[in-house]
Amino acid sequence: MGRVVVEVMPKPEILDPQGKAVASALPRLGFHGFTGVRQGKRFELEVDGEVTAEVLDAVRQAAQTLLSNPVIEDVVSVEVQDAGSVAQVQP
Amino acid sequence: MTAATPDAGAGSARIGVVTFPGSLDDRDAARAVRLAGATPVALWHADDDLHGVDAVVLPGGFSYGDYLRAGAISRFAPVMDSLVDAAHGGLPVLGVCNGFQILCEAHLLPGAMIKNDHRAFVCREQQLIVENTDTAWTRQYTVGERITIPLKNQDGQFVADERTLDQLEAQGRVVFRYASWNPNGSRRDIAGITNEAGNVVGLMPHPEHAVEPGFGPDGPVGPRRGTDGLRFFTSVLGSLVR
Chain A
1 MGRVVVEVMP KPEILDPQGK AVASALPRLG FHGFTGVRQG KRFELEVDGE
51 VTAEVLDAVR QAAQTLLSNP VIEDVVSVEV QDAGSVAQVQ P
Chain B
1 MTAATPDAGA GSARIGVVTF PGSLDDRDAA RAVRLAGATP VALWHADDDL
51 HGVDAVVLPG GFSYGDYLRA GAISRFAPVM DSLVDAAHGG LPVLGVCNGF
101 QILCEAHLLP GAMIKNDHRA FVCREQQLIV ENTDTAWTRQ YTVGERITIP
151 LKNQDGQFVA DERTLDQLEA QGRVVFRYAS WNPNGSRRDI AGITNEAGNV
201 VGLMPHPEHA VEPGFGPDGP VGPRRGTDGL RFFTSVLGSL VR
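Protein chains in written order, with my numbering: chain A, 1 to 91; chain B, 1 to 242.
The hints are simulated quantities; they were obtained by calculation from the structure and are not laboratory data.
We put the CB at the ideal spot given by N, CA and C, even for glycine.
There's no promise every hint is true.
[Unchecked claim] Short, incomplete list of chain B residues facing chain A, as computed with Cβ under 7 Å:
1) R69
2) A112
3) I114
4) K115
5) R119
Working from the sequences, and respecting the hints, build out all of it.
Dropping the structure here:
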């Protein structure tokens with residue numbers, strides 16, 4: 001079984017209300033010194049067998065069309081996770 | 001103020017209201033269509049047939065639980081393929097709240113909606129300024145008119161890059177702006193926009209909740225008497241009946 005991990009983050013210029021909420025909760029719990037928090041999304045897409053070039057192409061396309069909205073989000077990484085090994089490829 | 005009188009013969013106009021899994025205001029939208037004098041037609045997300053309707057309303061709610069992003073999954077529903085084609089061909093389409101989010105995700109309107117800047121759900125009677133009365137859905141308003149329409153959302157902050165915002169302003173495509181208070185941090189107080197042709201309009205507040213005395217927002221005429229939303233639906237009839 002192959003797995004591709006896609007990470008999506010809000011664009012730097014877009015206010016991230018969820019990250020802000022987390023940032024303001026940290027000191028209340030005694031975690032001090034964190035000047036900012038941004039919250040993104042991680043997707044794990046699984047396929048039977050190996051992650052081929054075609055599979056990766058499809059993932060990249062899905063990442064741009066469904067998993068992220070390019071108006072507000074960036075796909076920051078597309079990573080192949082095979083059993084035991086992790087190889088990073090360009091988003 | 002223009003009187004919100006249904007057009008003679010408008011009863012034959014058929015306006016579709018799409019129901020997605022998680023739509024909440026489809027019944028209210030259908031009721032608004034009926035009160036305006038037209039015939040509501042229930043459309044189903046999984047059916048790519050628009051059944052020959054003359055206009056379409058995408059109602060508010062939390063389609064697909066707002067999973068992924070508000071409107072992101074609805075955009076790929078079978079009905080949307082037909083709707084996007086028809087909208088490019090000039091079919092009047094109104095997206096309210098979640099419907100607006102879906103129109104943005106479908107690229108029928110620019111920009112996107114993110115969580116309210118104050119991070120809380122907001123539900124209030126919101127004052128809006130009408131800025132464009134050339135769209136299919138706003139012909140019966142006057143430019144500069146202030147109307148009161150209920151607003152209720154979690155992901156209502158309209159965002160777009162500066163170039164897109166400048167373009168919207170330059171082309172007069174900001175249809176509504178929040179008056180007195182910006183309830184969600186939307187860029188430039190934008191509450192609703194239109195496409196270049198003026199047939200597609202999206203806004204966060206809910207006109208379908210202000211169409212009938214006794215159920216609408218409070219107003220100068222008395223509590224719950226506000227019917228400022230009705231003219232969305234009578235406007236579109238006016239643009240259909242030639």
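Interface hint compliance - B/R69 to chain A, C-beta minimum distance less than 7 Å
Hint on B/R69: holds, closest Cβ of chain A at ~6 Å, below 7 Å.
With a cut-off of 7 Å on the beta carbons, see whether B/I114 makes it to chain A.
Nearest chain A Cβ about 6 Å off; hint holds.
Interface hint check: B/K115, Cβ to nearest Cβ on chain A, cutoff 7 Å. Holds or violated?
holds (4 Å)
Is the shortest C-beta separation between B/A112 and chain A less than 7 Å?
With Cβ-Cβ at 4 Å, under 7 Å, it holds.
Double-check B/R119 for me: the hint is only fine if its C-beta lies closer than 7 Å to a C-beta in chain A.
With Cβ-Cβ at 5 Å, under 7 Å, it holds.
Of the numbered hints given earlier, the model fails none.
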